[in-house]
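J.: Sequence:
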Amino acid sequence: MRLMVMFDMPTRTPAERKEYRQFRKFLLGEGFLMHQFSIYTKLVLNDTVTQALLVRIDKNKPTSGVVTALKVTEKQYARMVYLVGSKDKSTGNTDARIVFLGGDKYAEPEN
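Numbering (numbering that gives the first Met the number 0), first residue to last: 0 to 110.
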């Protein structure tokens with residue numbers, strides 16, 4: 000699954016710009032990748048992780064503006080249509096960066 004966080008925050012005053020930078024830095028620290036300027040996505044394993052992440056986002060949300068979150072499946076995310084530009088194919092934006100711990104009980108033993 001992917002969690003998409005979209006936000007629109009005011010940046011007229013120095014205090015508003017600081018709050019914008021802090022929220023953006025928080026998202027990056029949580030492992031979100033920038034999809035567009037105010038749209039960040041993160042690969043999440045399940046609903047439990049998603050709910051915990053939403054709680055942390057809620058605790059760090061800005062005091063003004065609009066922040067929304069949308070959970071989509073990988074299949075839905077993969078069907079995204081790019082009208083201009085191209086898809087980010089870096090490893091950081093795929094499930095190839097997921098590490099599964101523990102052995103596969105059906106795997107052949109290594110020699």
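Be aware that a few hints might be false.
Claimed, not checked - Pairs of lysine to aspartate or glutamate residues, derived as EDC-like cross-links and limited to a Cα-Cα distance of at most 16 Å, are as follows:
hint, residue 1, residue 2
1, Lys24, Glu73
2, Lys70, Glu18
3, Lys70, Glu15
4, Lys58, Asp87
5, Lys60, Asp87
6, Lys17, Asp7
7, Lys70, Asp87
8, Lys41, Glu73
9, Lys58, Glu18
10, Lys41, Glu29
11, Lys88, Asp57
12, Lys86, Glu73
13, Lys88, Glu73
14, Lys60, Glu15
Claimed, not checked - Between beta-carbon pairs, the in silico distance windows are:
hint, residue 1, residue 2, range
15, Arg16, Glu73, 30 to 36 Å
16, Asp87, Arg16, 37 to 43 Å
17, Glu29, Ser85, 23 to 29 Å
18, Val83, Glu15, 25 to 31 Å
19, Lys74, Ala14, 28 to 34 Å
20, Thr72, Arg11, 36 to 42 Å
These aren't lab readings, by the way, just hints derived from the structure by calculation. Where a beta carbon is used, it is the ideal one built from N, C-alpha and C, also for glycine.
J.: Are the Cα atoms of lysine 58 and glutamate 18 separated by 16 Å or less?
T.: holds, 14 Å
J.: CA of lysine 70 to CA of glutamate 15, is that 16 Å or under?
T.: Status violated; Cα separation ~27 Å.
J.: Please verify whether lysine 58 and aspartate 87 have alpha carbons no more than 16 Å apart.
T.: violated, 30 Å
J.: Take a look at whether the Cβ-Cβ distance between valine 83 and glutamate 15 falls inside 25 to 31 Å.
T.: Given a distance of about 29 Å, which is inside 25 to 31 Å, the answer is holds.
J.: Taking 30 to 36 Å as the hint, is the beta-carbon distance of arginine 16 and glutamate 73 inside that range?
T.: holds, 34 Å
J.: Is it true that the CA of lysine 24 sits at most 16 Å from the CA of glutamate 73?
T.: violated, 25 Å
J.: Are the Cα positions of lysine 60 and glutamate 15 separated by 16 Å at most?
T.: Roughly 13 Å separates the two Cα atoms, so the pair holds.
J.: Given the proposed pairing of lysine 86 with glutamate 73, does the C-alpha separation stay at or below 16 Å?
T.: With a Cα-Cα distance of about 14 Å, the restraint between lysine 86 and glutamate 73 holds, given a limit of 16 Å.
J.: With the threshold set at 16 Å, check whether the alpha-carbon distance from lysine 88 to glutamate 73 stays at or below it.
T.: Roughly 14 Å separates the two Cα atoms, so the pair holds.
J.: Does lysine 88 pair with aspartate 57 here, judged by a C-alpha cut-off of 16 Å?
T.: Violated, because 30 Å separates the two Cα atoms, which is more than 16 Å.
J.: Hey, lysine 17 versus aspartate 7, does the alpha-carbon distance stay inside 16 Å?
T.: holds, 14 Å
J.: Evaluate the given range 36 to 42 Å for the C-beta pair formed by threonine 72 and arginine 11.
T.: With a Cβ separation near 37 Å, threonine 72 and arginine 11 satisfy 36 to 42 Å, so the hint holds.
The structure shown violates the earlier hints numbered 1, 2, 3, 4, 5, 7, 11, 16 and 19.
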